[in-house]
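Going down the list, the protein sequences come from chains A and B.
Just so you know, we're using the working numbering here: the first sequence kicks off at 1 and counts up by one.
Just so you know, we're using the working numbering here: the second sequence kicks off at 1001 and counts up by one.
If you're looking for bench data, these hints aren't it; they were derived computationally from the structure.
No incorrect hints appear here.
Using 20 Å as the maximum straight-line C-alpha spacing, the simulated PhoX-like pairs for lysine-lysine come out as follows: (1) B:K1011 / A:K118; (2) B:K1215 / B:K1227; (3) B:K1011 / A:K120; (4) A:K203 / B:K1011; (5) A:K203 / A:K118; (6) A:K203 / B:K1012; (7) B:K1012 / A:K118; (8) A:K22 / B:K1105; (9) B:K1215 / B:K1105; (10) A:K22 / B:K1215; (11) B:K1296 / B:K1227; (12) B:K1012 / A:K120.
Derived Cβ-Cβ restraints for the label pairs, each shown as a range: (13) A:T87 / B:G1180: 40 to 46 Å; (14) B:S1294 / A:P17: 42 to 48 Å; (15) A:A25 / B:P1071: 52 to 58 Å; (16) A:F166 / B:L1008: 40 to 46 Å; (17) B:D1183 / A:A25: 23 to 29 Å; (18) A:V93 / B:I1174: 43 to 49 Å; (19) B:F1266 / A:L29: 54 to 60 Å.
Quick caveat, the model's predicted, so the values are computed rather than measured.
C-beta atoms are modelled at their ideal positions from N, C-alpha and C, and glycine is treated no differently.
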Amino acid sequence: MKLPASQFNLFVQRYQPVERGKLVAWIALRTTLVLGFCFVILFPLFLRLSVAFRSKADIYDPTVLWIPRHFTWDNIRLAIQSIDYPTALWHTVLIACGTTLIQLVSCSLAAYAFARLKFKGSGLLFALVVFTIVVPPQTIMIPVYMTYRYFDLFGLVPLLTSHKSFNLIDTFWPFFISSGTAMGLKNGLYIYIFRQFFRGVPKELEEAALVDGSGLIRTFARIVAPNALPAFITVALFSFVWQWNDSYYVSLFLSRVKVLSTELMGMGMNLKDPDPIYQLMLLNTGVFLMMIPLLILYIFVQRHFVESVERTGITG
Amino acid sequence: MAKKQLSLEEKKAWTGVLFATPLIIGLILLFILPLVQSLRYSFSSIQLKEGGFSVVYEGFSNYTSLFTTNPDYPRKLTESVVNMVVNVPIIIIFSLFAAMLLNQKFRGRAFARAVFFLPVILTSSAIAGISISFFVGGMTMGGAGGGAGAGQESVMKSVELKKLLLDSGLAPSIVGYLTGAVDRIYDIISASGVQILIFLAGLQSISTSLYEASKIEGATGYEIFWKVTFPMMTPLILTNVVYSIIDSFSMSAVNELINQAAFSLFDFGLSAAMSWVFFLVVAVILSVSVGLISRKVFYYD
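Using the sequences plus the hints, can you model the full thing?
Below is the structure:
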């Protein structure tokens, strides 16, 4: 009687079956959950991909599950035509790249001032920046629209030239001016991210550079900015992607210039095919076309992005 | 020596001003002035003229008309508030859970992370209007199709879950809330990308010595979560609640009404009044929730 019990105890002590069982169960649960969530996220994407290449005949064919039976480029061709893809893509790329670069400069400079180069009133100024995150853009939409509609360079144009004001609507200037003054899309958030990060860069590094005779501007450009690369990557990705997907500011400032997001919203009206399901299929293809450049970008950037999460310093 | 120190400080301050100049210009001309102007517009009616516009003071008429004669505004506003109240807790809990999952070491973690952040990239208001599930629904109506199977399946699952929970004696309102969350799982996942990112960064900043100490003291995983991880996460919960509330309101249907009033009806005064009421509602909700949560927030240092 005694022997098996002691053996059992020994067995438990040596192999710890309960702990192991728990671990295995947890791993199984975790794998299921992670796979499940990944499935939920990826499913619509794959469905879009599959639908984009289906021909009209495949819509009503119940046996077509994933791989189209009648593989066709027709949807893509039609979608490209109806949203004028090359032009819209070019404009979108221009706006997104331009604003991203400008915002990186303007937001990081301001954030560095808040983090390290404190001056009288910088605290109040930062509070105002946080306030800009809270105020919905709709609240200041009309005056901002008016500012760009009757743009007089903040009162300078009438003094210098004979023009009273310029109409900047339907040009890219509103985006670039907003970004340059760090008032573009979600720029308050970017300043916040940068500031948190710059505060984490060791002070000794900057002091050493200063002692060695580097000016403040050069210290920022050569020492601080390279050390803050993860923050730059994070903000660059956010700002590019959000600008790309934005339809609010785009529809506000550009009514005649073709941009992907607004073209996509108006696409339904351009389609002449009477079949509503086929229309949906084309719309879906349009969405797919808009996503593809972002997906390709993400494949290249995600490694930096996912790794840099550890060091983004988003945390307070 | 002391003089030199001072001059460096001064130099720093002036460089700071220089660095912040674009922001200061932007804040004044593209934020504060528009804010004041928009407040003024909301009390006026605006007529477009050649080469400009004129503003006529009208008192509170824009505001009163919002709540007395406008058929959509009060309804849409309450709808978006209710949506926010329903969604934000789910998003916070889900993103904390997902961040804890992604923080563990397992094979394929990099891939899983890349997939979880994918919705940050793919959510767009333009795309949201043409969601693929709509397409699946269309195919179901068409009578056939591969996607339809998946659509029906998810409906089935939720029904089963509902029955299960109801049988186990939970209150129907809670069950409805939970199954509603399960049904909208894609929306919730796609709304919580940034939050997962923030939580993940926070989880990685918790020092391992805290975990080691509590393990040596004999704490179970459950206790470690509630006594170490959760308190350390509370500042980020605050951040994330604020972010989620703002994010949820930025997709509200009220925005459409505001745009409509401005650019279809050309009633800029009404539109400004709408946006101010909206802003005040957001501000009140934000300050109430920040006030409630910040009492419980724990700061380690």
